[in-house]
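Novice: Spelled out, the chains give:
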Amino acid sequence: MATLKEERYIGKNGTRLETVRGRISKLSPGYLYILPWVIGFLLFQLYPFVTSFIYSFTDFSILKPMSFVGLDNYKKMFTADRLYWTSLKATFKYVLIAVPGRLIFALFIAMILNMKLKCINFFRTVYYLPSILGGSVAISILWRFLFSRNGTVNVLLKALGIPPVDWLGNPNLALGTMGLLVIWQFGSSMVLFLAGLRNIPTELYEAARVDGAGSVKVFFKITLPMLSPIIFFNLIMQTINAFKEFNAPYLITQGGPLNSTYLYGMMLYENAFAFLKMGYASAQSWVLFAIIMLFTALAFKSSPYWTYYEDGGDF
Amino acid sequence: MRKGEVKKNTRLILSYIFLCILGIIMVYPLLWMFSASFKTNNEIFSSFTLIPKKIVTGAYSQGWKGSGQYSFGRFFSNTFIMVLPTVFFTIISSLLVAYGFARFKFRYKKPLFALVLASLMLPTEVVIIPRYILFNTLDWLDSYLPFIIPAAFATHSFFIFMLVQYIRGIPKELDESAVIDGCSSFKILTKIIIPLCKPAIVSVAIFQFVWRWNDFLNPLIYISSVRKYPLSLALRMTLDVTDTIIWNQVMAMSVLSLIPPVLLFFFTQKYFVEGIATTGLKG
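Residue numbers (this note's numbering), protein chains in the order written: chain A, 1393 to 1707; chain B, 66 to 348.
Treat the hints with care, since some could be wrong.
[Stated by the list, open to error] Calculated lysine-lysine pairs in the DSSO-like style (CA-CA distance at most 27 Å, straight line): (1) B:Lys72 x A:Lys1550; (2) A:Lys1508 x B:Lys118; (3) A:Lys1468 x A:Lys1481; (4) A:Lys1510 x B:Lys73.
FYI, nobody ran anything at the bench for these hints, they're computed from the structure.
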C-alpha cells in the first residue's frame, strides 16, 4: 500500500525526486488496476485469436495429431464446399432482412414516441421487454411453435379466413420468419434512438419551420443527420450480431428447410463441435472475422459522408 | 387555428391507437406462452385465445420433473451457480480496470484502450475453438470455470467501456481533494468512485445477468453432463429427448425460465433504460 500512497495523480503537477521508489510508484497505479484485463486479454482473447489463425492452416481436430495443410482449408471452402456458399448466401440475406428491418422499425417507433405523448414510459417498457428475452432458448422455442405448420399464427390466420402459411417449412419464407424474431426485439435500438431524438435542439426544428420546410424535408435534413452517429453505431453492432446468429437457426429450424437457414454461426458450430473439423472451422471463423472487419472498415470509411458529429467526429 | 388543432388531435389519437395495437402484437407471444402453459395439449394446437378453456396446472408439476433424473429445481440452481459469480466478478474486474483507464495517466494507455474497444468487435466464434482446447487442457470443461474465471479477468470489455464512460463523467476535483486528505487511490475507488457509480454498476449487473442467463452457445460447448445443465440447455433437452414434444410442459418450463430476467427488468427498469441511453450503446 505504501507505493500506492506515493502515486502520481493526474492533474497534480508537483515535481518529485527521481527515487527508485518514485519510479516504481510512477509505474504502478494505472497498470495495477488494468492488470486483470491485461492478463485476461492475453490469455482469453489474444492467445486464442492467434492460435485460431494458426489452426486455420492445419487439419486440426482433437482426435488426432495435427499437420499443416497450407491454404487447403480456404481453398476447400471457396471451391469444393457447396454448403459453404449456401450458408454464406443465407447469412447475407438474413443480415439484409434483419438489420435494416430492425433499425428502420426502431427509428419509426421512436419518432412516434417522441411526439410528446403521454404514457411514453409505459410503451417504452412494453416495447423493450422482447429485447431482454429475445436471446433466450425459451423464446426460440416459442417462435418455433408459433410459426409451425399448425402453430398459433396459422390458427389465427384461419380464423381470419386466410389460408395457412408454411412459415418455417418454406425455404423462401423461413429466413424472413427468423428475421421477424430480430425485428420483434427492436426495443433496445428504439430506446437509443429516442434518447438521440431528445438531444436534438428544438431550435433547429423551429428554424426549419420558419424557413417553411415540410416534415419530409425536416426528417432528411435535420433528424436523420443528427441521429446518424447513433444509427452508425447500431448498424455496426447489429450487423455483427446478425452475422454471428446461432440460436435461431440451431433451435428453430436446424438450418432447414433445404439449408435455407443454415447460417454461418451454425455451420461453424457444426464443423467445430459436431464434425470436429476444428482446423476447417477455424478457417471459416477467420473468413467471418474478415467479413465483419471489412464491413466495419467500410462503415467507418463511409461515415464522414453520411454521419454528422457536432464535435467534429471524435469517435 | 381550430382546424389545425383538430388535425393535430386526430393525429395524436391515431398514434395512440397504433402504439396500442403494436404493444399488443409485441406482448401477445409472451402472454400466449403464459396461457399455453395452463392449457391442455390439444387446446394449444387449436386456439389462439389467451384464456384457456380449461385451466390445467399439470404442465408445471410434470414439466418440473425434467429429465427424470434431474428436475428443473436442479437446472435453476445450476443457472444461478453459473450466473451469479460471473456477474459478481464481471463487476469487480470491470470496475478496477475502468478506474485504471479513466483516472490514471500511463504509457501506452491509448493503444491499450483501443485494444479494449477492438475486442468489442471480436466475434466469440473466432476464439471459441482455442478457448475450448485451453479449457480442456486446464481441466475446466464441464464446470462453470470457463464462465467465471474469464469474467474475473475483465474479458467482457463492453462493461469496461461502459464504466469508463461513466467514471469520466464524475468530477475529478472530488478525488483530487481526497488525495490531499491523504487517501490512497484504492480508497478513492471504494469511497468516492464506487458510490457515485452505483447506477452504472446496476446496469452492468442487469445486463450481464440477463445475457449470461440467456446464453446458450457457451454452455452448449463447455457443459456436457446433464447434472450441470443450466436452464438453456435443459430447455433444449426437453425438445430433444421425447419423440413427441409435450408442448404445454415445454411452455411451462420456458415461462419459469423467463421469470428471473422479467422480474429483474420490472424492478430495475429505470436503470435499464437509463443504462443504455446514457452510456449510449449496444442493444
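Novice: Which of the stated hints cannot be reconciled with the structure, identified by number in ascending sequence?
Specialist: Hints 1, 2 not satisfied by this model.
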